[in-house]
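Respectively, the protein sequence lines represent chains A and B. Here the first sequence is numbered in my numbering, starting from 1 and rising by one per residue. Here the second sequence is numbered in my numbering, starting from 104 and rising by one per residue.
Because the hints were derived from the structure by calculation, they are not lab data. Note that CB positions come from ideal geometry on N, CA and C, so glycine has one too. Where hints are given, some of them may not hold.
[Claimed, not checked] Among the chain A residues that face chain B by a calculated CB cut under 8 angstroms, a handful are:
hint	residue
1	ILE17
2	ALA18
3	LEU47
4	ARG69
5	SER76
6	VAL77
7	GLU81
8	GLY92
9	VAL94
Here are the chains, one letter per residue:
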Amino acid sequence: MSQKEEVKVDEELVREIASLARLDLTDEETRTFVPQFQDILKYFSILNELDTENIPPAYLSSANKSVTRADKVEESVPTQEFLANAPQAKDGYVVIPRVLIEQ
Amino acid sequence: MEPYELSVQQTHELLVNREISAEELMRAYLERIQRLDPKVKSYVTVTEENAIEQARDADQRIKMGEGLTPLTGIPYAAKDSLSTRGIPTTCSSKILENYKPFYDCTAIRKLKSTGAVLLGKNNMDEFGMGSSTENSGFFTTRNPWNFDHVPGGSSGGSAAAVAAGLAPFTLGEDTGGSVRHPASFCGVTGLKTTYGRVSRYGLLPLVSSFDTIGPMARSAYDVALVLEAIAGHDPKDSTSRIESIQPYSEILRKTENLRGLRIGIPKEYFVEGLDAEMEAALRAAIRQIESLGARAVEVSLPHTQYAIPVYYLILFAEASSNLAKYDGVRFGLSERNVDSLLDVYLKTREMGFGAETKRRIMLGTFALSAGYYDAYYLKAQKVRTLIRRDFEKAFETCDALITPVAPTTAFRIGEKISNPLDMYLADVFVVAVNLAGIPALSVPCGISNGLPIGMQIMGPHLSEEMLLRIGYTYQSQTDWHTKHPPCWND
Numbered sequence: 001m002s003q004k005e006e007v008k009v010d011e012e013l014v015r016e017i018a019s020l021a022r023l024d025l026t027d028e029e030t031r032t033f034v035p036q037f038q039d040i041l042k043y044f045s046i047l048n049e050l051d052t053e054n055i056p057p058a059y060l061s062s063a064n065k066s067v068t069r070a071d072k073v074e075e076s077v078p079t080q081e082f083l084a085n086a087p088q089a090k091d092g093y094v095v096i097p098r099v100l101i102e103q
Numbered sequence: 104m105e106p107y108e109l110s111v112q113q114t115h116e117l118l119v120n121r122e123i124s125a126e127e128l129m130r131a132y133l134e135r136i137q138r139l140d141p142k143v144k145s146y147v148t149v150t151e152e153n154a155i156e157q158a159r160d161a162d163q164r165i166k167m168g169e170g171l172t173p174l175t176g177i178p179y180a181a182k183d184s185l186s187t188r189g190i191p192t193t194c195s196s197k198i199l200e201n202y203k204p205f206y207d208c209t210a211i212r213k214l215k216s217t218g219a220v221l222l223g224k225n226n227m228d229e230f231g232m233g234s235s236t237e238n239s240g241f242f243t244t245r246n247p248w249n250f251d252h253v254p255g256g257s258s259g260g261s262a263a264a265v266a267a268g269l270a271p272f273t274l275g276e277d278t279g280g281s282v283r284h285p286a287s288f289c290g291v292t293g294l295k296t297t298y299g300r301v302s303r304y305g306l307l308p309l310v311s312s313f314d315t316i317g318p319m320a321r322s323a324y325d326v327a328l329v330l331e332a333i334a335g336h337d338p339k340d341s342t343s344r345i346e347s348i349q350p351y352s353e354i355l356r357k358t359e360n361l362r363g364l365r366i367g368i369p370k371e372y373f374v375e376g377l378d379a380e381m382e383a384a385l386r387a388a389i390r391q392i393e394s395l396g397a398r399a400v401e402v403s404l405p406h407t408q409y410a411i412p413v414y415y416l417i418l419f420a421e422a423s424s425n426l427a428k429y430d431g432v433r434f435g436l437s438e439r440n441v442d443s444l445l446d447v448y449l450k451t452r453e454m455g456f457g458a459e460t461k462r463r464i465m466l467g468t469f470a471l472s473a474g475y476y477d478a479y480y481l482k483a484q485k486v487r488t489l490i491r492r493d494f495e496k497a498f499e500t501c502d503a504l505i506t507p508v509a510p511t512t513a514f515r516i517g518e519k520i521s522n523p524l525d526m527y528l529a530d531v532f533v534v535a536v537n538l539a540g541i542p543a544l545s546v547p548c549g550i551s552n553g554l555p556i557g558m559q560i561m562g563p564h565l566s567e568e569m570l571l572r573i574g575y576t577y578q579s580q581t582d583w584h585t586k587h588p589p590c591w592n593d
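Isolated chain A, as found in the complex (with noise of 0.2 angstroms):
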């Protein structure tokens, strides 16, 4: 997409986004959505009025460079202890609903 166009937000759009974000909307939520994201996105195309060909962008947010630290073996949390909070656990594993099934 050029930055200068206009994204068109429509219900179709907002399902599209929902799917790949993993959200189950209502219909209520994705008719709500669409003027919202209309108007916040409008509002944020004043930054196109910036030329930015030859700025680098600003991933880091301080001075920071990447730290590194011995591979040492250190304590862990138990399994159970971590496993306390699982929807569903057994055998030291989480549980979830079966993925593959038997044809």
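Guided by the hints, dock chain B onto chain A, whose structure is given.
Coordinates of chain B only, in the frame set by chain A:
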């Protein structure tokens, strides 16, 4: 005087002189929370058992005279996005309603080691998304100055708790104003720390490249005492700063004036839309600071008007990635009355997230999706560079900057909730600081129609010591920070 009326420093003196025990102090606070918090609604969890245990431990330390620090026996509360071992940590989201971390975040662990006493966890906008706490998945916190108004956000519960005497200090978290904004709305002192000055280990992330933990208290001096305890390098956070921390409170005790300091007044922050009474209060505060020896100069931050779109685009993108882990598999809410794994994700997230969180996840997913990445996310990251350069340039001609925190005082509950863009614009003066990663202090400097006004003092990376010096000296000459809301005597 009742215990809740005392500053951290005064309480410490009572404790070491054995005029009150840590347990008595803790019980006085719990009793006040029980009585007053049903009206203010600043806590989502009160940790009575934990508080009793920690207070008894503090009393033991005081008795033996061992391991005493300025925070030993001092009660406090923390925003509910800071992990607390065995204590619910919800980010005020239904998706984490029953989540109990199995470890403490570094800031909480450090406070534990000083002997401070955790009273509970504070309400917030869900995952930090909002400027009013109206987006909490549980309830809206009230502004202690006027219960019909919002406390600001997202650390609204933490600010309201300090303002209402429900904790002498709290830990907030600032991603795009979330410490400073509620601090100004509630009339307390709040510090947004330099990115990396306080470890983020164990902080539930909203925007990993913006998030910072910072103290909120009733004075710059108390903020300094807390900062000393929580700041510093942490091997568990690769973005934490390695520079050693300074003896902040000791420096303050030796500070008498602000001679030689150059204060920049960015003209882009004093524009139409800024409430007239707020501008008058700020100008008076600047004159006061000048009378202490500082010199005010006008400066320009030319890209200020682009800060909101840049901030929100990066937030949407990082938040949508950070919140992908809430899928009902390993922890948190899980809808299992479904046929497939995909439906677990879809139904859990639909049920567990509030409207604003969904809106931001959606906008972030859109901004990062194929075909739009360059136009939105990359563009925002480039303009972020321009905004950062604005600050670098300004700090060539001045040492600190003074601006308003918000364009108005605390707005009414319900006033902005139906218009998300309007709510985003309330953050216009606070978000640029997070884009640049610099620290900023919010200090009360006036009252308008019974609601507090805040002044924002910004400085270069790792200038916390100077910001606190300005705040402390200003507070030694003024009494705005000692004013209390009507519910104070309840």
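A quick look at each hint next to the structure:
At about 5 angstroms, the closest approach between the beta carbon of ILE17/A and any beta carbon in chain B falls short of 8 angstroms, and the interface hint on this residue holds. Given the 8 angstroms rule on beta carbons, the hint for ALA18/A holds: about 6 angstroms separates it from the nearest Cβ of chain B. Hint on LEU47/A holds. Least Cβ distance to chain B is approximately 5 angstroms, under the 8 angstroms limit. Hint status for ARG69/A: holds, given a least beta-carbon distance of 6 angstroms to chain B, under 8 angstroms.
Hint status for SER76/A relative to chain B: violated, with the closest Cβ pair at about 11 angstroms, above 8 angstroms. For VAL77/A, the suggested interface contact is upheld, since its CB lies about 6 angstroms from the closest CB of chain B, less than 8 angstroms. For GLU81/A, the shortest C-beta to C-beta distance to chain B is roughly 5 angstroms, which falls under 8 angstroms, so the interface hint holds. With a least beta-carbon distance of about 13 angstroms to chain B, the hint placing GLY92/A at the interface is violated under the 8 angstroms criterion.
Given the 8 angstroms rule on beta carbons, the hint for VAL94/A holds: about 6 angstroms separates it from the nearest Cβ of chain B.
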